[in-house]
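Participant: So the protein lines, in turn, are chains Z and E. All residue numbers for the first sequence refer to my numbering, where the first residue is 1 and numbers rise by one. All residue numbers for the second sequence refer to my numbering, where the first residue is 1 and numbers rise by one.
One or more hints might be untrue.
[Claimed, not checked] Heads up, simulated DSSO-like pairs for lysine-lysine below, C-alpha to C-alpha not over 30 Å straight-line: (1) K567/Z with K165/E; (2) K575/Z with K68/E; (3) K557/Z with K216/E; (4) K334/Z with K595/Z; (5) K331/Z with K595/Z; (6) K216/E with K723/Z; (7) K165/E with K129/Z; (8) K216/E with K680/Z.
[Stated by the list, open to error] Pairwise CB distance ranges (calculated): (9) T693/Z with G15/E: 49 to 55 Å; (10) G15/E with A695/Z: 20 to 26 Å; (11) D254/E with F572/Z: 58 to 64 Å; (12) E337/E with R359/Z: 57 to 63 Å.
[Said to hold, decoys possible] A short list of chain E residues far from chain Z (calculated; beta carbon distances all over 12 Å): (13) D3; (14) Y49; (15) H59; (16) P64; (17) K82; (18) E85; (19) R92; (20) T180; (21) D232; (22) T302; (23) G313; (24) N314; (25) K334; (26) S342.
Calculated directly from the structure, the hints in this document are not laboratory data. We treat Cβ as the ideally placed atom computed from N, Cα and C, and that holds for glycine.
Chain by chain, the residues run as shown.
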Amino acid sequence: MTDVSVIVIVYNDADRLPDAVRSALDQSHRSVEVIIVNDASTDGTRQVADALAAENPDRVRVIHRTENSGAGGQPRNDGIEATRSTYLMFLDSDDTLDRHACRNLVATAEETGAELVSGCCWRVFPERKEEHPWFRRLYRERAVYSSVRECPDLMYDTLCTNKLYRRDFLDREQLRFPSGLFYEDLLFCTEIYLAARMIAVIPHRVYNWMVYENSDRPSVTNQRARLRNFADRLEIFRRIGEVYDRYGADDLKLSRDVKFLNYDLPLYVRTLRSREPEYRAKFLELAAGYLNELDPRAYEEAKQIKAIIGFMVAKGDYEGAVSAIEYVPKKGGKARLATELVERDGRVFWSADYLDDERARSVLDVTDLGFHSMPLKSLTLAGRVTEMDLKGSTLHVAGDVVNPLGRIDSATKLRAELEFRDRRRSRRVFGIPAKVEHAGGRIRWRADSQPIRQLRPLGFVDQTWSLRLRLHVGDDQLVIRLTADEAVHNHLEVPVRPRLTRLAGDHLQAYVPESGELALRIVARQLAARWTLAVLSALAKTPYGRRWWQTLLRAEKGMRDSFQSPKTKVNFYSKVFTRLPIRRRTIVFESHLGKQYSDNPKYIYEELRRSGAKYTAIWAYAGSPTGFPKDAKLVRRGSWAYYRALARAQYWVDNQGFPRGATKRPQTTYIQTWHGSAYKLMGADSPETKRGTQAHRARHQQMVDRFDYFVIRSEHDAQTLAKGLGVRAELVRSGYPRNDALVNGGSGAALRKELKLTDDRKVVLYAPTFRNGPNGKPEKRFELPFDVERFAKELGETHVLLVRPHYLSTAVLPPSLRGTVRSVADVHDVTSLLQITDALITDYSSVMFDYALLDRPLLFFAPDLEDYVRSRGSYFDLAEEAPGPVVGDEEELFAALADLDGVGTRYAKQRKRFAENFGEYDQGTAAKQIVERFFS
Amino acid sequence: MRDVFIVSNSVDELGGLTRWVHHIAHLFSERGHRVHLVGVTHAKEKYDYGDDFPVTVLHDTHPPARAKGRLRELRRRSVQRKGAEKLSALFRTARPGGIVIAAQVWAMEWVALADTAGMPVIGMSHESYAASQESSRFGRVQSYFSQADRLLVLTTEDADAWARKGMSNIDVMPNPVHVTPTAFPDLTEPVVVALGRLSYEKGHDMLLESWARVAKNNPSWKLRVFGAGPMDETLRRQADELDITVDLAGMTNDVQGALTNASIYALPSRSEGFPMGILEAMAYGLPVVAFDSAPGIRELITHEIDGILVTPGNVIEFAEALERLMGDPGLRAKLGEAGRRSVQRFSADVVVDRWERMFDLVYR
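So here's chain Z without its partners, still in its complex pose:
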């Protein structure tokens, strides 16, 4: 008996059917037969199918249906009836099977006894030459489930085609497809999952789902435009509910509802903006009807923004729904915050409406997403174009930008440019100055330009242009992506003159691509250009022309990419830049890989300026130059200018490490200041390095061997840090420049004022180190390990808590605590922060060594001390040496905080000893010593 029957359904697809059938016949597993079910096609499908059968008489059979069934269900059922093999698979005529699909599925079925075996489906985009696994998270590894309840998420994969079914299983449970409805697989798969007594999953690729985006005849899922399609989906979901009832699977209903919110509904809402008003209305009505049947708990279980979308649709709130979907774009898209947000009772809500209702408040509460405290730049605000017209030769564009929670302060100076950007080459930009002002809670802007002079595309190679607003808020620059309704842009055509030739086109036409953002494309309106473009596009459509054109574009992109790649720069650095003469008396400064203007390099720089020595200082910044000194030359880390500066500088000063590829010239002197003494094991002493490869160690050593001088604070540093890192440079026993101010005294009054800490409450700084998340990388989001609300309630009258997460993570604090608990993550310089605090809470951060110099109370909140030491290792026993109480729970912490003076006196002796042991060289003259020694 044959092992597998592959049922191929086809309707008017004569071109692609042979590929599908051949992929089944060419399986490495030979015991495979093919049943083609022709759903009454009207093109040449019939002949093609018959020919395939005639070529392979033993392996291919054809069933011709006399009447079209309108969907995939009935033909598949016909196929099932016509077969008798042990296993069944389904294949659509436009897709293909992986060569080893049947072998992997059959082997797994036999090994595990599963009735249903499912493998990974890949979506293949032939036009874009891309492919991606479909629901990889379900198919990461081999697994066997005795019931779908062991992995309810399996139900997200509702394809019937990437699966192998035991025939006797389908017959025993009488499982067949519903006929005449779209999305027949959804229902069929639900039943399959519920009925199967053993389900196996394999990570192997088994099925290629071909997606033709520009196809003339889109397949079912591409026709979302059709309401029937959505109505069918709802009908299928209702019937799925009945199936659950039949199988007594009430417990799974919730996960179906969550899936509807997370996955199905957004598919449709995403396209809503481009639909007709009648469609929108009808859609909202249909959807709201269904959403009202949902389990209310689904809104809590679903992803937050997805739940908000569902909520808005259920309320019939079109604007609410489409502005929410902008924050959860499709993969590869950019999230846009298009809503105003509102703060009530110390919480942040997505919208000001509906807040009277308790349930609505819980759905709309987005405090945890941190919009109120994240840097302005990370908000990715959405902008709209509200006016766009051509008056004579002047193009007038105007619009607005949301200003959620009034984050853009009306006192801050605003400046803006409207940017026309080549979509393929993000660096080609034409900027038009725009007028900008606060108006009615939003930011209004308008820009007038002379496109015929100011917008000069090349022609042919730059067909599409995007439109963005660059908004300068103080020192911050925000790039605002713009959307526009059709009524506004109205396919406006702006006359332009391409630089190459006017045969390439003569107008830029406004349109909205799939991203939803306003864009422009070159079109031809004059006869000559129309002819040229017609001929060219006809040529480009021939197979040869397309290949030639794509090769050209790829080559151009390749050149651009390689010009900007670090590899090219490093190559150029070592071959060219390092042959240029050294520029005497230049110093490149960098702190924490350019992320901050801070730490030892900053204090050396400031002392250098104070000393008046004539040196050219260059500071490297990553991201934004905001906050870096104005009297130094600034270079972006990783840019061409950066590598040139490194190659030619006489001195390098930094606290972490310059790029590995930048080999140091012998004439350059590298002063490595480092950024803190060590408690946990460092470098070669740490488990990460120990388990690493020899090559990894060699690379690390190579970087460290660039150091000429290494600044330390104590002999402890020499024994631990310098040894662990493998430092062979001369040790500079000056102490840390950043700590001079701590030793010499100084009030930090300016910062106190800036933070508005003017009352006489005690200021406590909480500065823990980072923790590694489950993936072994530092946790991005920092959850406070004690109850801050309780802190506010019990100690808020007498204490203020400043929270400073490690610079690799961020913390979100609710606005309700604004007066008593605040984040100081954006204060670059920790030294002045230490100066203004009355006590410090830390765990294992090196800030403990610095703070001890101030001789003020220190608390160690270390509930995970044992685990931390076990997993990272430490140079000394914290419990023994600590210059303050080491507490393990919230009770003890709060008790210690309430009695800071007591803590201060009890630990005075330990503090002194700690400061002497770990900061013996910190005598308040470090910056001076270094500047005098190297830069005088």
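Following the hints, position chain E against chain Z.
Facilitator: Here is chain E on its own, set in the frame of chain Z:
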């Protein structure tokens, strides 16, 4: 009864892979299969495995390696083609139902060029996915083995990683236990033993560091390390620096002697495929302490059930684990006994059954 051709880089080398080739060949022939061994070339230093099977060596001298330059590449290919012709001729002698096993990716280059006379080809990669990924083999495994009917790796975790990478012919085949103990340790000898080549990957330096943490408190215990290799000198120097005594006992052929005179087995490797050392130790009922550094190790040891796994590179934890076992004879006996039972999953019979199912499968 099948003709089974096992093609590897060489058949007379002293090393784990070649030992596996001869072992599996014996097991196949015990089931009545006719095994032919093929080496691409001779080993530099030959080792005598006996002459139980017909052996073919494709190149008497080492074929030229890949090098820059068109001419040299042409020469390399022409030499390779000659070897492949020899292989094709051998394959033509097979009776229906034959199987070709390419045990290494370099050997697969010849199999790919040869005419396999309709026989299915089973490729093998005897290292972890991570180890492949770090070496030049990563690309070659993907290009050459994608033509194989089946590609076998040692553990499910590795197979899953390859499947995600797109190798849809991937499947799993563990190595069989290759020792048959005639005596067992009574787990009273105060000796921790480690066996293996003294190379950086095997991590003996970390074992020594761990030992430095436990030696002082347990003066009656000894650390004995069998094996030779490039790290020999370095390790002796390290032992002096750490001020510990380590019995670096050199190579041994007497695995049984080495294991029965110890109570704990240590495997401090940084990377492994499917470590024979653990298979052996478990078969002898020795409790194992190992870094959890490879899927092959996780597959063999269930933490706290039949051995102890330690976070890779964490010598403090490794030392604690050793000390725990040293102080607890009951735990040693419990883990050792559990290990001896669980390793039966990889007994010769179980593994060869799996192979034979695989042979049938590729003919279906």
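Participant: Give a verdict on every hint.
Facilitator: A quick look at each hint next to the structure:
no. : hint                           : result
1   : K567/Z with K165/E             : 25 Å, holds
2   : K575/Z with K68/E              : 22 Å, holds
3   : K557/Z with K216/E             : 64 Å, violated
4   : K334/Z with K595/Z             : 23 Å, holds
5   : K331/Z with K595/Z             : 28 Å, holds
6   : K216/E with K723/Z             : 24 Å, holds
7   : K165/E with K129/Z             : 17 Å, holds
8   : K216/E with K680/Z             : 24 Å, holds
9   : T693/Z with G15/E: 49 to 55 Å  : 20 Å, violated
10  : G15/E with A695/Z: 20 to 26 Å  : 22 Å, holds
11  : D254/E with F572/Z: 58 to 64 Å : 59 Å, holds
12  : E337/E with R359/Z: 57 to 63 Å : 58 Å, holds
13  : D3                             : 20 Å, holds
14  : Y49                            : 31 Å, holds
15  : H59                            : 30 Å, holds
16  : P64                            : 26 Å, holds
17  : K82                            : 29 Å, holds
18  : E85                            : 26 Å, holds
19  : R92                            : 22 Å, holds
20  : T180                           : 28 Å, holds
21  : D232                           : 16 Å, holds
22  : T302                           : 17 Å, holds
23  : G313                           : 3 Å, violated
24  : N314                           : 4 Å, violated
25  : K334                           : 23 Å, holds
26  : S342                           : 20 Å, holds
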